[in-house]
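Construct all of the structure, not just a fragment, from the sequences and the given hints.
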Amino acid sequence: MKNICASGFKLSIQDKKALEHYLVVSPKQWAQDALAGMLNKAVKTIIKDWLETYKLYTPLDVPSNPALLIPAIVAMPNFKPYNRKWKGLIKASRKNQKDQEIWEGGFNIEDWQETALNAFYSDYRQDLYNLMENKIACRKEAFKHEFEQQLMRDPTHPSIPKHVDDLIDVVTAQSTYKNRAQKEAEISI
Amino acid sequence: MVTRNSQNTYITTDTNNQVLMPAQPAFLATHGATTGSVTGDGTNYNVIFANEIFDQNSDYNNATGIFTAPVTGRYLLNGAVCYSNLGAAHTSGSTYIYTSNRTYYSSIMNAYAVSTGGLLGFTSGCTADMDAADSALCVALINNGAKTVQVYQSSYFSGVLIC
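For the protein sequence lines, the chains are S and W, in the order given. Just so we're aligned, residue 153 is where the first sequence starts under the numbering used here, counting upward by one. Just so we're aligned, residue 66 is where the second sequence starts under the numbering used here, counting upward by one.
Check each hint, because a few of them may be wrong.
To be verified - Here are the simulated distance ranges between beta carbons:
#	chain 1	residue 1	chain 2	residue 2	range
1	W	THR80	S	GLU256	31 to 41 angstroms
2	S	LYS237	W	ALA98	32 to 42 angstroms
3	W	ASN81	S	LEU212	19 to 29 angstroms
4	W	THR108	S	GLN249	41 to 51 angstroms
5	W	ALA115	S	GLU262	17 to 27 angstroms
6	W	THR168	S	GLN326	47 to 57 angstroms
Since the hints were derived computationally from the structure, they do not count as laboratory data. We treat Cβ as the ideally placed atom computed from N, Cα and C, and that holds for glycine.
Structure representation (structure tokens):
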């Protein structure tokens, strides 16, 4: 077992509000799910690409448990790491200090899982940081797109804040504002 | 024409102008077997479609039922859940697609009144905005009765990155 990203991840109060507008899980849970997705992709791709080669290499039957199979494949002398990197990720624009910790305690992964992540990604920890930052950036952009249009149609708002952080403060301060969790709590099935 | 990077062929067109994108994120998984009692009392059951038919870019996890978006984009997601063992008290329910950014409720209806024989299929589809590493899964929910409702084997979940 290994603990990763224990140094944490900090965001600003507006970052937090933008995430809460869309997410019903905590930012840490979102990152945990993202890490699970990264791991799934690494494991499946390695097995898909290398299983037949491994069958030729080993004199034994192939272990069905990925905890055994992945280290065995990666240990083959001709295995080549993928050095994959998440591309096209963006950074969030922010006015205020990032002082809200969201990854307290980091994440725990098994040793074989880290073997898979290291074999597939050039730097999986940095990728996870970049994905979290990209998530914040995408949600702030979506928030801006959603509410700039609303404010333009609202005669009680003669101006629209230029910076997305100011826009977030204005919108979330409205008495009628509700985030996703609050809106979904009202849905009765 | 074949266009490729160092690892994969990612676009091919043949002499009939048919375009294939073998690395484009796309998956389809079916349920494969009917579950035990998973909902009926208001339990939101994350359906695990374990029988993977295809998963072009290794983004679907058939142990958890979760699809993880490999890139920010628009994804067409479809889920169909067939319920069995419905009883008279099961008067409402929904099959919905949950994503990190939004929940797509659809097919909210009076389950038993429609089923008349204890079997009912709900479909749910959406074009979802997903950010890189976001999750999507298909959820089954039946309310107001005992937890006796099963997810039938013919249920499925699919998705593809469209733009």
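- Return holds or violated for the Cβ distance of THR80/W and GLU256/S against the range 31 to 41 angstroms. Because 58 angstroms falls outside the window, the suggested range is violated.
- Just tell me: holds or violated, for the beta carbon distance of ALA115/W and GLU262/S against 17 to 27 angstroms? About 22 angstroms separates the Cβ atoms of ALA115/W and GLU262/S, which means 17 to 27 angstroms holds.
- Item | 41 to 51 angstroms as the expected CB spacing between GLN249/S and THR108/W, which holds or is violated | Holds - the Cβ-Cβ distance for THR108/W and GLN249/S, about 42 angstroms, lies within 41 to 51 angstroms.
- Item | Cβ distance range 32 to 42 angstroms for LYS237/S and ALA98/W, holds or violated | 39 angstroms, holds
- Query: At the C-beta level, are ASN81/W and LEU212/S separated by a distance inside 19 to 29 angstroms?
  - Reply: 46 angstroms, violated
- THR168/W versus GLN326/S beta-carbon gap, inside 47 to 57 angstroms or not: Because 22 angstroms falls outside the window, the suggested range is violated.
The earlier numbered hints that this structure contradicts are 1, 3, 6.
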